[in-house]
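Chains as they are written, first to last, in full-length UniProt numbering: chain A, 1 to 459; chain B, 1 to 459.
Don't read these hints as lab results, they were simulated from the structure.
Treat each hint with caution, since some may be false.
Since the list gives no way to pick out one identical chain from another, each pair is judged satisfied if it fits inside one copy or across any two copies.
Below, simulated DSBU-like cross-link-like pairs (lysine-lysine); rule was C-alpha separation at most 35 Å, straight line [what the hints assert, rightly or not]:
#, residue 1, residue 2
1, Lys323, Lys236
2, Lys454, Lys434
3, Lys355, Lys372
4, Lys454, Lys355
5, Lys294, Lys454
6, Lys382, Lys427
7, Lys245, Lys294
8, Lys434, Lys234
9, Lys323, Lys382
10, Lys91, Lys434
11, Lys240, Lys427
12, Lys372, Lys434
13, Lys454, Lys236
14, Lys355, Lys323
15, Lys372, Lys91
16, Lys382, Lys372
Bear in mind that the values here come from a model prediction, so they are computed numbers and not experimental data.
Protein chains: 2
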Amino acid sequence: MTVWADRLRLSGYVMLLGAVLTGPASAEAPSSPAADWAVSDFTLENGMQVVVIPSHRAPIVTQMVWYKVGSADEPPGKSGIAHFFEHLMFKATTNHPEGAFDRAVAAIGGHDNAFTSYDYTCFHETIPPGSLGEMMAFEADRMRNLVLSDQLVETERDVVMEERRARVDNNPSAILDEEVNATLYQNEPYRIPVIGWMQEIQQLNRQEARAFYDRYYVPNNAVLVVAGDVDPEKVKALAKQTFGKLARGPELPPRARPVEPEQNTRRTVTLRDARVSLPSFSTRWVVPSYHTAKPGEAEALDLLAEILGGGTRSRLYQELVVKQGIASNVGASFMGRMFDGTSFSVYAAPRGNAKLADVEAAVEAQVARIVKDGVTDTELEKAKDRFVRSMIFARDRQSGMANIYGMTLTTGGTVADVATWPDRIRKVTAEDIKVVAARYLDMDRATTGYLLPKTEAGD
Amino acid sequence: MTVWADRLRLSGYVMLLGAVLTGPASAEAPSSPAADWAVSDFTLENGMQVVVIPSHRAPIVTQMVWYKVGSADEPPGKSGIAHFFEHLMFKATTNHPEGAFDRAVAAIGGHDNAFTSYDYTCFHETIPPGSLGEMMAFEADRMRNLVLSDQLVETERDVVMEERRARVDNNPSAILDEEVNATLYQNEPYRIPVIGWMQEIQQLNRQEARAFYDRYYVPNNAVLVVAGDVDPEKVKALAKQTFGKLARGPELPPRARPVEPEQNTRRTVTLRDARVSLPSFSTRWVVPSYHTAKPGEAEALDLLAEILGGGTRSRLYQELVVKQGIASNVGASFMGRMFDGTSFSVYAAPRGNAKLADVEAAVEAQVARIVKDGVTDTELEKAKDRFVRSMIFARDRQSGMANIYGMTLTTGGTVADVATWPDRIRKVTAEDIKVVAARYLDMDRATTGYLLPKTEAGD
Numbered sequence: 001m002t003v004w005a006d007r008l009r010l011s012g013y014v015m016l017l018g019a020v021l022t023g024p025a026s027a028e029a030p031s032s033p034a035a036d037w038a039v040s041d042f043t044l045e046n047g048m049q050v051v052v053i054p055s056h057r058a059p060i061v062t063q064m065v066w067y068k069v070g071s072a073d074e075p076p077g078k079s080g081i082a083h084f085f086e087h088l089m090f091k092a093t094t095n096h097p098e099g100a101f102d103r104a105v106a107a108i109g110g111h112d113n114a115f116t117s118y119d120y121t122c123f124h125e126t127i128p129p130g131s132l133g134e135m136m137a138f139e140a141d142r143m144r145n146l147v148l149s150d151q152l153v154e155t156e157r158d159v160v161m162e163e164r165r166a167r168v169d170n171n172p173s174a175i176l177d178e179e180v181n182a183t184l185y186q187n188e189p190y191r192i193p194v195i196g197w198m199q200e201i202q203q204l205n206r207q208e209a210r211a212f213y214d215r216y217y218v219p220n221n222a223v224l225v226v227a228g229d230v231d232p233e234k235v236k237a238l239a240k241q242t243f244g245k246l247a248r249g250p251e252l253p254p255r256a257r258p259v260e261p262e263q264n265t266r267r268t269v270t271l272r273d274a275r276v277s278l279p280s281f282s283t284r285w286v287v288p289s290y291h292t293a294k295p296g297e298a299e300a301l302d303l304l305a306e307i308l309g310g311g312t313r314s315r316l317y318q319e320l321v322v323k324q325g326i327a328s329n330v331g332a333s334f335m336g337r338m339f340d341g342t343s344f345s346v347y348a349a350p351r352g353n354a355k356l357a358d359v360e361a362a363v364e365a366q367v368a369r370i371v372k373d374g375v376t377d378t379e380l381e382k383a384k385d386r387f388v389r390s391m392i393f394a395r396d397r398q399s400g401m402a403n404i405y406g407m408t409l410t411t412g413g414t415v416a417d418v419a420t421w422p423d424r425i426r427k428v429t430a431e432d433i434k435v436v437a438a439r440y441l442d443m444d445r446a447t448t449g450y451l452l453p454k455t456e457a458g459d
Numbered sequence: 001m002t003v004w005a006d007r008l009r010l011s012g013y014v015m016l017l018g019a020v021l022t023g024p025a026s027a028e029a030p031s032s033p034a035a036d037w038a039v040s041d042f043t044l045e046n047g048m049q050v051v052v053i054p055s056h057r058a059p060i061v062t063q064m065v066w067y068k069v070g071s072a073d074e075p076p077g078k079s080g081i082a083h084f085f086e087h088l089m090f091k092a093t094t095n096h097p098e099g100a101f102d103r104a105v106a107a108i109g110g111h112d113n114a115f116t117s118y119d120y121t122c123f124h125e126t127i128p129p130g131s132l133g134e135m136m137a138f139e140a141d142r143m144r145n146l147v148l149s150d151q152l153v154e155t156e157r158d159v160v161m162e163e164r165r166a167r168v169d170n171n172p173s174a175i176l177d178e179e180v181n182a183t184l185y186q187n188e189p190y191r192i193p194v195i196g197w198m199q200e201i202q203q204l205n206r207q208e209a210r211a212f213y214d215r216y217y218v219p220n221n222a223v224l225v226v227a228g229d230v231d232p233e234k235v236k237a238l239a240k241q242t243f244g245k246l247a248r249g250p251e252l253p254p255r256a257r258p259v260e261p262e263q264n265t266r267r268t269v270t271l272r273d274a275r276v277s278l279p280s281f282s283t284r285w286v287v288p289s290y291h292t293a294k295p296g297e298a299e300a301l302d303l304l305a306e307i308l309g310g311g312t313r314s315r316l317y318q319e320l321v322v323k324q325g326i327a328s329n330v331g332a333s334f335m336g337r338m339f340d341g342t343s344f345s346v347y348a349a350p351r352g353n354a355k356l357a358d359v360e361a362a363v364e365a366q367v368a369r370i371v372k373d374g375v376t377d378t379e380l381e382k383a384k385d386r387f388v389r390s391m392i393f394a395r396d397r398q399s400g401m402a403n404i405y406g407m408t409l410t411t412g413g414t415v416a417d418v419a420t421w422p423d424r425i426r427k428v429t430a431e432d433i434k435v436v437a438a439r440y441l442d443m444d445r446a447t448t449g450y451l452l453p454k455t456e457a458g459d
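My request is simple: use the sequences and hints to build the entire structure.
Spelled out as structure tokens, the structure:
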């Protein structure tokens with residue numbers, strides 16, 4: 001299986017969603033998305049939340065089981081256990097030998113996968129609708145019946161350590177990213193890499209894995225999202241027959257994590273590495289997420305990222321790539337769907353003979369301009385249009401809406417939050433954007449990561 | 001009472017000890033310190049360790065009760081509770097009203113105080129020897145009989161919050177120090193300030209305080225150090241009569257804390273503040289402590305700090321202050337007596353018209369020189385002499401040796417470690433010093449804090 005675990009891959013994943021959300025608008029006038037979605041949701045008696053998103057374009061269905069646990073829920077010194085546990089979920093259960101689930105998916109021409117992030121762990125299968133009941137039975141089975149031996153845990157731990165070596169230690173950009181995050185967040189658990197620190201992965205054992213499973217892999221900590229060619233009533237009946245039979249687990253305390261103190265300093269983190277050929281930088285700020293923000297702030301940050309650096313129509317792209325021709329890979333991003341305070345980034349790399357310092361100064365100038373003068377009404381309206389239409393396009397990719405629901409429900413949000421999001425985006429004013437830009441994008445409280453070739457003289 | 005809680009004050013404290021350890025050598029040839037110390041130690045049946053250091057120069061005695069708990073033992077999100085608890089220890093017990101202990105100390109012309117650090121919390125009294133039994137009874141009483149009400153906890157919490165405002169928030173150097181530490185240590189708990197983050201102090205409550213007290217304030221987690229004009233047998237009898245009557249508490253698990261991953265990056269943290277008039281910088285590296293180091297490494301780091309920047313005979317002082325005349329407040333320090341990995345620092349401020357960048361470059365040049373060429377045998381012998389003689393001078397200040405024993409025993413060391421330290425220092429070779437300098441003082445893996453006036457153009 002592929003696991004999307006470290007921040008690099010996670011970014012890829014989030015960006016993929018971002019791309020869905022900000023793709024080119026359709027030429028047709030869209031009908032009202034709220035009416036079209038026909039999303040239904042309910043909760044099983046054992047506390048498991050279920051969301052059904054019917055879409056009958058193709059005879060396939062995606063089942064996603066999301067657990068409200070990620071690396072940010074790990075105990076101190078046990079980093080990596082959430083992602084490690086995602087691996088263990090592909091092992092034998094009391095009912096099925098290892099590999100039986102994967103083989104059943106392959107036999108019906110489907111595909112399955114899983115990923116772990118800071119706030120959630122997700123397992124999913126895309127399959128013909130007739131097999132949904134069987135797939136639910138498999139997922140319900142591994143939610144509670146996993147068989148964990150010392151030997152199996154140790155063998156899989158070696159696999160994860162090798163994964164860390166391949167994906168982080170062999171990748172200067174991933175190494176830098178870990179240390180930038182741990183510098184940006186000084187108290188929040190997002191400081192710790194999803195894949196875990198090597199010396200802590202090394203220590204994980206069966207007892208800890210079992211305790212983690214019994215605490216978090218329970219129906220009252222899970223969300224089932226089913227999207228595709230299905231009838232909600234049938235999904236409900238199948239969910240009751242499978243997941244509904246599992247006993248509710250012990251109640252979990254609220255997810256209360258250390259929060260970030262006020263940042264008073266400018267911070268930099270520099271990696272010089274012989275494997276780097278092209279220098280680059282990214283500057284980040286700690287900002288509120290949809291879950292922690294005051295009403296309207298996260299929506300304003302989403303539009304700010306879009307106008308400043310979301311794709312080729314953004315200010316950063318137009319100014320640095322098109323007009324000045326000094327940068328490549330320039331942009332801005334806001335990781336809004338997080339349980340705790342999150343980050344807003346701007347990033348770029350020089351093109352041709354341009355110097356990194358000049359590119360950085362040009363990015364800073366664009367940030368300063370938006371802080372000082374805000375955005376125009378035209379920019380704002382166009383950005384809103386792209387965002388709201390993106391919701392409609394998300395429906396085109398079966399997993400698009402399923403991901404949005406899963407991420408929202410596992411990061412403190414509700415089904416209603418997804419439904420009201422387009423309206424909340426529409427309400428953002430140019431003044432709202434100026435206010436959040438001025439409040440958060442302060443260079444004296446920014447953290448910048450520099451990835452430099454070994455021979456680079458400095459910045 | 002005075003509490004030495006945040007790193008700034010703690011540094012002052014550690015430096016005070018450092019000064020004792022590296023003060024000017026006496027003109028008299030010292031007798032063998034090991035023979036002179038006549039230090040005795042024993043363990044009470046309830047697990048409390050006792051160290052007695054007789055010294056009959058003056059008719060006074062210092063009692064110190066050290067607990068093996070500090071801010072690095074706090075649960076996540078509960079920063080500040082160790083220091084907060086130090087405050088609560090001055091409240092009423094079931095046997096004495098609030099203030100009775102302080103008044104009893106004052107009545108006999110003594111003085112008392114307490115301090116909290118990362119690895120320990122210490123309460124101490126200096127008094128006439130005849131009152132030692134009474135003082136032990138007071139300390140034994142508050143170890144287990146404290147009365148904690150919601151109202152008292154809330155009132156004292158306000159006091160601690162005010163203390164944080166006064167000592168950190170009003171002090172740019174302390175603000176910077178907190179964020180430099182949290183940048184230097186990316187996983188270890190030394191990243192968190194001893195006094196705690198404001199938003200977490202604010203949440204501390206009676207239940208948590210009580211749980212902390214019952215877990216850590218037990219005889220089997222305490223060390224009694226008595227230094228001064230006393231007879232060891234009498235101290236033993238008194239300790240049995242007072243502390244010996246307390247029941248052993250639940251066994252504590254080993255102090256296993258998250259450890260630091262390898263640092264791959266160069267990091268900077270900059271605070272620009274209108275209250276700063278003179279710029280300064282400090283560069284730090286994560287290095288092993290006496291408790292975590294391989295044999296001989298910590299001793300070599302101690303001597304490296306001494307030769308590079310310990311006082312006016314050091315290279316940094318001679319080169320930057322005496323010869324070039326560009327710096328003031330220049331030095332190096334190694335915080336060796338810590339339970340986990342610790343830090344090695346170099347620091348300086350410009351003098352006159354010198355630029356901060358030039359001073360920093362001059363300090364870096366001295367670091368590079370010692371990494372490349374090591375130290376001379378003459379420098380090494382002189383540094384060793386100063387260190388070993390400092391042990392003898394520590395005896396002159398009654399609390400000097402008491403502090404050394406208390407810090408050693410609460411950071412993973414033993415009584416024997418104190419006794420063998422002079423010999424271990426003597427064994428360090430010039431090659432050992434070059435090896436640790438080269439291994440740890442790598443500028444590509446350093447963290448630098450800059451404290452700058454608001455108008456400073458940058459560095």
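>> At most 35 Å between alpha carbons: which applies to lysine 382 and lysine 372, within, between, both or neither?
In response: within (21 Å within a copy, 60 Å between copies)
> Is it within, between, both or neither when you check lysine 245 against lysine 294 at 35 Å Cα-Cα?
Replying inline: Neither, since 39 Å and 55 Å both go past 35 Å.
> Is the C-alpha distance from lysine 355 to lysine 323 at most 35 Å within one copy, between copies, in both cases, or in neither?
Replying inline: within (16 Å within a copy, 38 Å between copies)
>> Cα distance capped at 35 Å. Does lysine 434 pair with lysine 234 within a copy, between copies, both, or neither?
In response: neither (48 Å within a copy, 73 Å between copies)
>> For lysine 454 and lysine 355, with the copy left unspecified, which applies at a CA distance of at most 35 Å: within, between, both, or neither?
In response: The answer is both: 15 Å in one copy and 28 Å across copies each meet 35 Å.
> Are the CA atoms of lysine 240 and lysine 427 at most 35 Å apart within a copy, between copies, both, or neither?
Replying inline: Intra 39 Å, inter 73 Å, cutoff 35 Å: neither.
>> One pair to classify: lysine 323 and lysine 382, alpha carbons no more than 35 Å apart. Within, between, both, or neither?
In response: Within. Shortest intra-copy distance 21 Å satisfies the 35 Å Cα cut-off; inter-copy 64 Å does not.
> Using 35 Å as the alpha-carbon threshold, which applies to lysine 454 and lysine 236: within, between, both, or neither?
Replying inline: neither (58 Å within a copy, 63 Å between copies)
> Checking lysine 382 and lysine 427: alpha-carbon separation at most 35 Å within a copy, between copies, both or neither?
Replying inline: This pair counts as within: shortest intra-copy Cα distance 14 Å, inter-copy 73 Å.
> At most 35 Å between C-alpha atoms: does lysine 372 with lysine 434 qualify within a copy, between copies, both, or neither?
Replying inline: within (8 Å within a copy, 52 Å between copies)
> Taking 35 Å as the upper bound on the Cα-Cα distance, should lysine 91 and lysine 434 be classified as within, between, both, or neither?
Replying inline: neither (51 Å within a copy, 50 Å between copies)
> Checking lysine 323 and lysine 236: alpha-carbon separation at most 35 Å within a copy, between copies, both or neither?
Replying inline: neither (55 Å within a copy, 83 Å between copies)
Hint compliance for this structure: hints 1, 7, 8, 10, 11, 13, 15 are not met, and every other hint is.
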